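Input sequences plus hints: build the corresponding full structure.
Chains as they are written, first to last, in the working numbering: chain A, 559 to 670; chain B, 48 to 162.
Among the hints, erroneous ones may be present.
DMTMM-like, lysine to aspartate or glutamate: derived pairs with alpha carbons at most 25 Å apart [to be verified]:
#1 K628(A) to E119(B)
#2 K657(A) to E119(B)
#3 K56(B) to D155(B)
#4 K584(A) to D106(B)
From the structure, some residues in chain B lie toward chain A, with a derived Cβ separation under 7 Å [said to hold, decoys possible]:
#5 G49
#6 L92
#7 L146
#8 G154
#9 G156
Computed footprint of chain B on chain A; a stretch qualifies when at least three of its residues, placed anywhere within it, have a C-beta under 8 Å from a C-beta of chain B [said to hold, decoys possible]:
#10 579-592
#11 595-604
#12 657-670
No lab work stands behind these hints, which were simulated from the structure alone. All values reported here derive from a predicted model rather than from experimental measurement. Here a beta-carbon is modelled for each residue, glycine too, at the ideal position from N, C-alpha and C.
Listed below are the residues making up each chain.
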Amino acid sequence: SQQGEEDPQALSIQEGENATMNCSYKTSINNLQWYRQNSGRGLVHLILIRSNEREKHSGRLRVTLDTSKKSSSLLITASRAADTASYFCATARSYNTDKLIFGTGTRLQVFP
Amino acid sequence: DGGITQSPKYLFRKEGQNVTLSCEQNLNHDAMYWYRQDPGQGLRLIYYSQIVNDFQKGDIAEGYSVSREKKESFPLTVTSAQKNPTAFYLCASSFGTGLSNQPQHFGDGTRLSIL
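Structure representation (structure tokens):
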């Protein structure tokens, strides 16, 4: 069952620009996580934001969560070519008993 | 360095053959997971295990089997009953037994193809 849906499906920008990708979900969540996947590699965890949090930062990454709209956004500031990857949101619907449900991802291409 | 090791990186299966994908972690994590990823798609959960000698079916367990005899190891067998096994298989682990309230750490995957 699909829980998280990322938007846009693909995004192309120049180095130095900001990249914003969005995730919408359908049911109440305990937390929402963002992951990055480089081509042919495994996923790397970026940020976990809990349902009682509204914003979290990690370096050039900023994640917001709006539980009233059932949506989250990931902002990458001052993008670099090395940020080229697919980005996935994953939602956890209940504490300690449920699994993560991954969206289909946003493919980000950053041109030098 | 701690991490998750998946092997082999590439695997080919003949018709009617069972194949086993290896996953080993030295992170001392209790929970381990197997996911399947098809091109342009998200991850789908095959099996997961919260403790040794116990595992649960995920969303697409048919045609797959697992074992968890050691905390460090969670091998996945793709059986001949899985009619469409071509995919990228990812193993992950997480701290504690809470399945969804911790970040997951991933291996670099095994790409399985049909001969």
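These are the hints, each one checked on the structure:
1. Between the alpha carbons of K628(A) and E119(B) the distance comes to roughly 36 Å, so the proposed pair goes past 25 Å and is violated.
2. Using a Cα cut-off of 25 Å, the hinted pair K657(A) and E119(B) holds, with the two alpha carbons roughly 20 Å apart.
3. A hinted pair counts as satisfied when its Cα atoms are at most 25 Å apart, and K56(B) with D155(B) qualifies at roughly 8 Å.
4. Using a Cα cut-off of 25 Å, the hinted pair K584(A) and D106(B) holds, with the two alpha carbons roughly 18 Å apart.
5. Taking 7 Å as the C-beta cut-off, the interface hint given for G49(B) is violated, the closest approach to chain A being about 14 Å.
6. The criterion of a C-beta within 7 Å of any C-beta in chain A is met by L92(B), whose closest approach is roughly 6 Å, and the hint holds.
7. With 7 Å as the threshold, the beta carbon of L146(B) comes within range of chain A, its nearest partner Cβ sitting at about 5 Å, so the hint holds.
8. Checking G154(B) against chain A: minimum C-beta separation of about 5 Å stays under 7 Å; hint holds.
9. This hint holds: G156(B) has a C-beta 5 Å from the nearest C-beta of chain A, less than the 7 Å allowed.
10. Look at the region 579-592 of chain A against chain B: 3 of its residues bring a Cβ nearer than 8 Å to a Cβ of that chain, three or more, so the hint holds.
11. Counting residues of the region 595-604 of chain A whose beta-carbon sits less than 8 Å from any beta-carbon of chain B gives 6, enough to reach three: the coverage restraint holds.
12. Beta-carbon proximity to chain B at under 8 Å applies to 6 residues in the region 657-670 of chain A; the threshold of 3 is reached and the given coverage holds.
Going down the numbered hints, you'll see the structure goes against 1, 5, while the others check out.
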